[in-house]
Structures are given as C-alpha cells and as structure tokens.
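Quick note, the sequences are listed as chains A and B, same order. Counted from 1, the first sequence has number 60 at position 60 by my numbering; the numbering is strictly sequential. Counted from 1, the second sequence has number 1007 at position 7 by my numbering; the numbering is strictly sequential.
Do not take every clue at face value.
Said to hold, decoys possible - Far from chain A, some chain B residues (derived; all Cβ distances over 10 Å):
(1) Ile1012
(2) Lys1013
(3) Asp1014
(4) Leu1025
(5) Glu1033
(6) Glu1035
(7) Ser1040
(8) Thr1043
(9) Ser1044
(10) Arg1057
(11) Ser1068
(12) Ala1082
Stated by the list, open to error - In silico contact screen, one side only, chain A against chain B (beta carbon under 7 Å); selected entries:
(13) His12
(14) Asp24
(15) Tyr27
(16) Glu41
(17) Gln45
(18) Tyr48
(19) Arg50
(20) Trp55
(21) Ile124
(22) Asp143
(23) Tyr149
(24) Ile158
(25) Leu187
(26) Thr190
Derived from the structure by calculation, the hints contain no laboratory data. Where is the CB? At the ideal position from N, CA and C, for every residue including glycine.
Spelled out from the first residue to the last, the chains are:
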Amino acid sequence: MTEELAPPTDEHAEFSALTLTALDDVYRFARSLTRDEADAEDVVQETYLRAFRSWRTFQPGTDVRRWLFTIARNVFLRSRERGQREVTLDDDGAEAVDAAQSKEGWVRRGLDPLLARTDLAPAIQQALEEIPETFRSAVVLVDLEDQSYEDAAQVLEIPVGTVRSRLFRGRKLLQEKLALHAQDLGLISTPGPDRSDA
Amino acid sequence: MMHHTHDDGAPIKDCRGAMNKLFDLLDGELTPEREREVRSHITSCPDCFTNHDFEERFLKALQAAKKSVCASEKMRDRLMSALRAEGLTR
Ligand SMILES: [Zn+2]
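Chain B extracted, bound-state conformation (with noise of 0.2 Å):
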C-alpha cells in the first residue's frame, strides 16, 4: 500500500515545491511538519499566498455545491420498499 503522501522529504525552498504541495495542504493530507513548513512559505509569499486563497475559494465552492444533489423523497420510498422486500425489518 502506498504512503498517505508521496513526500520526497526535501525542504520546501520555493514557490514550485510549496504549490507542488498546495492541494495536499488544502485536502489534509500533509504531516504536520510537513504542513507548518508550506504554511509557513505561503503566508509570507504574496504570490503563493494569491493562489492559495484562490485555490481555497475554489474548493469551498465546490464543498457548497454538493447540497444542491440530494435523493427524492420518491426515490427514497422506492428503496425503503424494495429493501423490505429483500427482507428489511427495521
């Protein structure tokens, strides 16, 4: 199985290794070290520090769109009957 993270350890120097990493700070899937040193590039990088924001804003806006799907009420009902009758009791 692979690692959470495919990290190659190497200390971020740069705007390239902190974006390379931007997704992963912005998903949860850095270490912790791993995320105070990229956090620590962007906020005080006004480049990086852009596209994170942007990026962020992107994301949340994604987040808020999954309300906007949900199941019918019918649909719902048509599988509450079908379930009871493969044998649902509760």
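Extracted from the complex, chain A is given alone in its bound form (with noise of 0.2 Å):
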C-alpha cells in the first residue's frame, strides 16, 4: 500500500529538502494546537507521515508550509474527535476580549515597559497558551509564522474577514494576559477606573 503511494527515490530529496527545514514551523504550530510537548510531536510525526505519503499531490512552487500546516491542523482536528465536544468557534472568548478593550488604557501602561524587555519569550508562549485555541491559531500562523490572512484563511478553513477578527481578538486577549503578567511583576497596579482612553 505504502509503497504504491510512496514518491519514488528521486523524489525524496525534494521531499527532505522543502520539508524538513520547516520541521521548528510546524512543531510550533503543533505545539499551539496540543498546548502539550508530547501530543505535538505526536501530530508533528504523523502530519510528515502523511505528507511523504502524499507527496505527489504537493503543487510544486505553491507554500510547502502552508500545505504542512493544513495536514497538521487536520491531524490535531481528527485525534481529538474521539469523545471531545466540537469546539466552540468565534464566540468563544468574545467576552474577555470586550473585558480586555474596556482596560485598554491599563493594558498599555503594562506592555509599555514589558515590550521593553528582552526575556519576553516565556511570557509570551505561556500566554498563548492561555487563550482560546481559535484565536491562538490564527496569531501563531500569521504572527509566529508570517503567513498571510490568505494562507492562514485557507489552513484554518474559514473566510479571510474571520482571519481578521480572530487575529484581532486573539492579540488583544494576549495583550490582556501580558499585562497581567506585568502586574504579577509589579510593573503596574491593579486594573482601575481607566484614565487614559479619551
């Protein structure tokens, strides 16, 4: 079975070459996904399974990582079906993310002098962590991964407007949870009555 679909010799340099230099990518996006180092790499090894399988499906010259994303994201979809309730798609979270603007002011004076800091990586992965997966998806393939609201609509199935209002949100619940993390850090106080916003 495998043999028949598998690319014959000359193909697999090709294969390695556009691939795996995308391995950190899509082991990221995987990490985004599972939130678990584990379960990632589950989905990191069955998503290049599948892509040496199906290798001559691959158009060549169109985004090897954008082709990559989309079986990784189908993989993680299908592990989980078993026993998991769908999830909730674009409301969820929609309520902190109008908390989060209504301490938009409070939000800035805590990032400003966060940003400003070099050891910010942990606080930033720890953060996406923290939000919803819809939102975290859309953030790590247009912000960590540099694709673009096109690519990223056609990796997560949904229209180019919902990109953006997944991207949208998902920056400002990040941005929320950043500036908590400057308070955990003593850099600003408590969210008050908001002073700043006009």
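The two chains are supplied separately, each in an independent frame; assemble them into the complex guided by the hints.
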C-alpha cells in the first residue's frame, strides 16, 4: 500500500529538502494546537508521514509550509475527535475580549515597560497557551509563522474576514494576559477606572 | 474566494478609519495606495502614531518569541526513523 503511494527515490531528496526545513515551524504550530509537548510531537510525526505518502499531490511552487500546516491541523482535529466536544468557534472568548478592550489603557500601561524587556518569550508562550485555540491558531500562523491572511484562511478553512477578526481578538487577549504578567512583576498596579482612554 | 482585504474603498478621513486599518497595515495586507493613505494619516496624527508604535512593538515581540520553541533533536531523530520506515531513502 505505502509502496504504491510513496514517491520514487529521486523525489525523496526534494521532499526532505522542502519539508524538513519547516520542521520547527510545523512543530510550533502543533504545539499551539495541542499545548502539550508529547502530543505535538505525535501530530508532527503523523503530519510528516502523511505528507510523505501524498507528496505527489503537493503542487510545486505553492507554499510547502501552508500545506504542512493544513495537514497538521487536520491530524490534530482528527486526533481529538474521539469523545471531544466540538470547539465553539467565534464566540469563544468574546466576553474576555470585550473585557480586555475596556481595560485598554491599563493593558497599554502594563505592556509598555514589558515590551522593552528582552526576556519576554516565555511570558508570550505562556500567554499564547492561555487563550482559546481558535484565536491562538490565527495568531501563531500570522504573527509567528508569517502566513498571509489568505494563507491562514486556507489552513484554518475559514473566510479571510474571520481570520482578521480572530487575529484582532487573539492579539487583544494576549495583550491582556501580558498585562497581567506585568502586574505580577510589579510593573503596574491592578486595573482601576481607566484614566487614559478618551 | 474572498478578496485580499475587505475594503470599502472609502478614503481614510479620520482616526477611526486609520485605526480600522492598523493591523492590515502592520500585516502587509493593504494595497500600496491604501497603505500610503493610512501611513500618511498615522505620521501626521500623534494618537494614531502612538497606537501604531505600540502595536508594532507588540507584534515584533510576538515574532521574536517564536525562536523559543523548536523541535528537539530527539523528536527530529524519531521523525527521521519513522520516515525511513515508511520508505524515505534520502
Ligand atoms: Zn489619527
């Protein structure tokens, strides 16, 4: 079965050259989906096995990372189909976003000193894991992996306008999480009545 | 298929118009003429300039954070073994 589907040897080098350079990116995306190291590694492995088996369906000249992200997301969705409830989509986190926006001035005051720090990566990774998956996927694809709105829309199978709104919400939620982090570090006090927003 | 940006084509007249396009601008999703228009407002408006500067620094911090997560050597080895078992020869 696999012998029929696997590409001949001369295509193997091409597969390796194109897909393996994206391993870190695919792993990061899988991590953002699973929020678990071991689960992410399983998703990555399954993604690459599928990619290898169907390498001939990859269209040369198109973005190989977008193709791998799409497979990874499908692998992830299938892996948790068993017994898992459907994720609620767009409304998920909407209230939290509203709350975050009402605290915009506070968030801004907290993030300003935080963004000047160089050791922000762990806090950002932590904050990413705390926001709902629908927003996290959009943010990871566009902000970390440099995918265009159109590419992210294809990977996530949603309209471009939905990518845009999820990005906006996701970023605002992240900013609020980071402002809380700034508060933990004593960089700002607790959110009070907002004085800075006009 | 939807278009690149959902843009009604109306000129950027005020801060609200410019800020609605802020993330599209930062993400490189605007057409060149639209980008010029938004940039021209932002550079001449202190409030929008501040907002742009803040969101830009935030997005740069996100981008920089990606380096902190990468596939381990162990997982790379495991993956290569699995691919070879599947028939990968190179
Ligand atoms: Zn303005």
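Here is how each hint holds up against the structure:
no.: 1; hint: Ile1012; result: holds (17 Å)
no.: 2; hint: Lys1013; result: holds (18 Å)
no.: 3; hint: Asp1014; result: holds (14 Å)
no.: 4; hint: Leu1025; result: holds (12 Å)
no.: 5; hint: Glu1033; result: holds (19 Å)
no.: 6; hint: Glu1035; result: holds (15 Å)
no.: 7; hint: Ser1040; result: holds (22 Å)
no.: 8; hint: Thr1043; result: holds (20 Å)
no.: 9; hint: Ser1044; result: holds (18 Å)
no.: 10; hint: Arg1057; result: violated (5 Å)
no.: 11; hint: Ser1068; result: violated (4 Å)
no.: 12; hint: Ala1082; result: violated (6 Å)
no.: 13; hint: His12; result: holds (4 Å)
no.: 14; hint: Asp24; result: holds (4 Å)
no.: 15; hint: Tyr27; result: holds (4 Å)
no.: 16; hint: Glu41; result: holds (5 Å)
no.: 17; hint: Gln45; result: holds (5 Å)
no.: 18; hint: Tyr48; result: holds (6 Å)
no.: 19; hint: Arg50; result: violated (10 Å)
no.: 20; hint: Trp55; result: violated (10 Å)
no.: 21; hint: Ile124; result: holds (4 Å)
no.: 22; hint: Asp143; result: holds (4 Å)
no.: 23; hint: Tyr149; result: holds (6 Å)
no.: 24; hint: Ile158; result: violated (10 Å)
no.: 25; hint: Leu187; result: violated (14 Å)
no.: 26; hint: Thr190; result: violated (21 Å)
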